[in-house]
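Student: Please put together the full structure from these sequences, using the hints given.
If you read the protein sequences in the order shown, they are chains F and Z. Its first residue numbered 0, the first sequence is counted upward by one per residue in numbering that gives the first Met the number 0. Its first residue numbered 0, the second sequence is counted upward by one per residue in numbering that gives the first Met the number 0.
What the hints contain is simulated information worked out from the structure, not anything from laboratory work. Please note: incorrect hints may appear among the correct ones.
For chains that are exact copies, the list does not tell them apart, and a pair is met inside one copy or across any two.
As the list claims (entries may be wrong) - With a straight-line Cα cutoff of 25 Å, these simulated DSS-like cross-link-like pairs (lysine-lysine) come out:
1) 201 to 70
2) 161 to 148
3) 10 to 133
4) 152 to 188
5) 44 to 10
Protein chains: 2
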Amino acid sequence: MIDVQIADDHKMVVESLSRMINESSVARITGKYYDLKTCREGLAKGTPDILLLDIELPDGDGVDFCAEMTKTYPELKIIMLTGFKEFNIAKHALHNGALGYVLKNADPEEIFIGIETVSRGEQFLCEEIDILLKEKKDTKAIWLTDREKEILKYTADGYTSKETADFIFRDVETVKSCRKNLLLKLKAKNMAELIGKAYEMKLI
Amino acid sequence: MIDVQIADDHKMVVESLSRMINESSVARITGKYYDLKTCREGLAKGTPDILLLDIELPDGDGVDFCAEMTKTYPELKIIMLTGFKEFNIAKHALHNGALGYVLKNADPEEIFIGIETVSRGEQFLCEEIDILLKEKKDTKAIWLTDREKEILKYTADGYTSKETADFIFRDVETVKSCRKNLLLKLKAKNMAELIGKAYEMKLI
DNA sequence: GAAACAAATCAGGAAAAAACTGAATAAAGA
DNA sequence: TCTTTATTCAGTTTTTTCCTGATTTGTTTC
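Tutor: Structure representation (structure tokens):
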């Protein structure tokens, strides 16, 4: 029996999914978390074989958390279980140590196959993501630096270059050229499109 | 026994939630849909007592669909079942004829109480939404006109006022003043913040 | 029906911000 | 080490923002 835990802020999803998994003979659920803080504490008490991890948690980003946990517990296998069919997110998650990536709109059977595959230490991607990654295998993922993420956030909140510059104690020109890089990276023509694309890619 | 159907593009959620509801003695699931088209066809064959409806479906917006269905089947009771804790969306849904609004991160028990309450023809809101609507009871929901939505979309796609004006065969000044109205309505300082807020409110 | 209101259209100008081009230094990865 | 990328700063042009208006049409309210 494979020991599985779930971290997802949708209690209803966690509860019903737990029941479904427990009713199968594949795995048993030994922990349910609705935020990253509780999940971190739970894992410290003993890690399961597999952690099913969502991306949008109330207190942080699941993809970043994935990097943190696979570093702390190298034996822990993580399957991202999320609604985001986004090249960048999937690529990022796998780079951060996730061994599986399953969409919530995948066939329910896939999660069982995923759990079994990943428990043997093999990578598992649900069909749609597998196709997506193969299609874009020559595309490289977009990585934003911390500075870029910071300036992107200020921009999305409506702050001008000058205001942002004051916040981070830098020259306006610095912010302007960082914005220029953001426009290049996301292939946007102006700030409005940049914010739009950033939301599409769940960068914000 | 209350006759319930579900429309949500996350198969995994639909499947596990269906099981949970079927195992209870409250209701039974008589239909599962993963898109609006199939849901529309299914309802045409016979409406259940209650439809659990998600908002982000692959082929359209659940809130708009809610208006369409309550008009076609006045006896159909709809509970929005979604992850969005957004004043505007909730308000919009209720205005469009939804009788219930339950968050996916609500306590799983709430969906059973919701089903029972709504089946009696009474409104049901999960706790968090109930609090949200009471807090903002004096706030009015933001409604965008078709023109505003159109210009918002062009803006999010990176087109300037001039370019947008050419697309819709209107003067630049018209687009400018429409943008000004959008900034006012969403209380945004510039286009970047406007697009950010529009995404937060799921206006795009 | 009249009054009040909102939406959609168009107008112009001053100030501010963003977009474009360029470039030097520092840091990180190969 | 060499190459690439991040970070920093600068000048010029284009665009947006922020004011001020006005007219017409359609809808809602009294």
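Student: Which numbered hints are broken by the structure, listed smallest first?
Tutor: The structure breaks none of the hints.
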